[in-house]
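S.K.: Construct the complete structure from the given sequences, taking the supplied hints into account.
What follows is the residue order along each chain.
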Amino acid sequence: MQFVLNGKPTTLSANPAARLIDVLREECLLTGVKEGCGEGECGACTVLIDGEPVCSCIIPAGQVEGTEVVTIEGLGGNHPLQHLFMNEVGAQCGICTPGMIMAAMKLGDAPTLDDIKTALAGNLCRCTGYSAIYRAVLKWKGMPEPDTAGEMSVME
Amino acid sequence: MRAAVSALDMRRATSLEEALKIIRDEKRMPVAGATDVYVAMNFGTLVPKQFLDIWALDELRTISSRGDTLVIGALTSYTSLIQSQLVADRVPMLVQASRLVGGVQIQNRGTLGGNIANGSPAADGVPVLAAVDAIVVLRSADAERRVSINEYYTGYRQTMMRADELIVAIEISPVEGKQWFRKVGTRAAQAISKVVMAAVRAPSPRIAFGSVAATVVRARETERVLSSGGSIEDAAETLGRELKPIDDVRSTAEYRRRVSVNLLRRFWADTE
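Residue numbers (the working numbering), protein chains in the order written: chain Z, 1 to 156; chain U, 1001 to 1272.
Hints in this document: simulated from the structure, not taken from any laboratory. Please note that a few of the clues may not be correct.
To be verified - Here chain Z is said to cover these stretches of chain U; the calculated rule only asks that three of the stretch's residues, wherever they fall, bring their Cβ under 8 Å from a Cβ of chain Z:
#1 1009-1016
#2 1036-1044
Unchecked claim - Covered stretches of chain Z, as calculated for chain U (at least 3 residues, CB under 8 Å):
#3 3-9
#4 29-42
#5 50-62
#6 78-90
All C-beta atoms, glycine included, are put in the ideal place defined by N, C-alpha and C.
M.R.: Written out as structure tokens, the structure is:
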């Protein structure tokens, strides 16, 4: 299969029925892609296909033919949102972090907290309680934090 | 993944014509966004190992109107449904339902045709289609046929689709009356439903439920009570008798029955 991976034209001879996550981790050695649940529930394996966040654990590798795939490694290691996840303590154990950051990449300008919650609704974090993650994303987008503490909690 | 990758065989079709020829000649399970198929495979519960990847069939991704009928290509993703003005104008509750499917990642890959083909009684989109009497368009290499979604399921995950057919489109006639949708699950995103209700308030109300039977169902007796001028109390009592939910990992039969009746009352009050 031929596709563009983190900006580089790539040709692989993987079984098209293999899971994309396995091809990315084991053949391309992009171990920033994490496996959490293996059933599209937790979002840890999120990568971008043509700019859209997807769960690489439930995508047949053959479906990336002709597309552009970006993993956390494709951000270059010095992305402002990566620093904000560290500075705001949006990462604790770190397993959800690459997926969270990749899911956040789809956000447009000036997102509301609701927009951020919707964009990250498919990404589970069992450490942070989400507030620090939302804070990191809001700061990245130059948006003020809502005043009330309650709004920053994940519960509606 | 529980299945050995080397045992898996996936062919990729790049046109509908090619796909239909392949499944005429070979027994292969069609795979679109894989959001159900690959979950089952990761779990080791899926038996087929021969797949036909139809994701590349862009001709099945259009949303259009033909006369006054809304025609949704089978490979239309939930994200595309959410973004479609035509769908928002005609069947706003399908947009509501689509927003509650998984999270963004699943909405980007999950398709309306796949939701139908997978046959889960807990499908989020199918109760909406049942409430508006949508037509499923099935095509094989040499014929096309149309089946009402309300006749499409013959049992738990059993459908009228033959192995040599693909769902190519979903057709929806104009919907008269107020549409109402509600999904009840453990949380808004990423939860499989305990009860889903989709309904249309009109002189002859149309009421569909998911997750309360082996298939998505229409509450026909309850509809009859309401269309013949019966009170909402009579209708609620009828619904309590008519639905036969089961206990499972997500909920109990009794909870589902009570919630369904409450949803019916809420629907009736909200659409007055």
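S.K.: Taking the hints in turn, state whether each one holds.
M.R.: Comparing the hints with the structure gives:
no., hint, in the structure
1, 1009-1016, "holds (count 3)"
2, 1036-1044, "holds (count 4)"
3, 3-9, "violated (count 0)"
4, 29-42, "holds (count 4)"
5, 50-62, "holds (count 9)"
6, 78-90, "violated (count 0)"
In summary, the numbered hints that this structure violates are 3 and 6.
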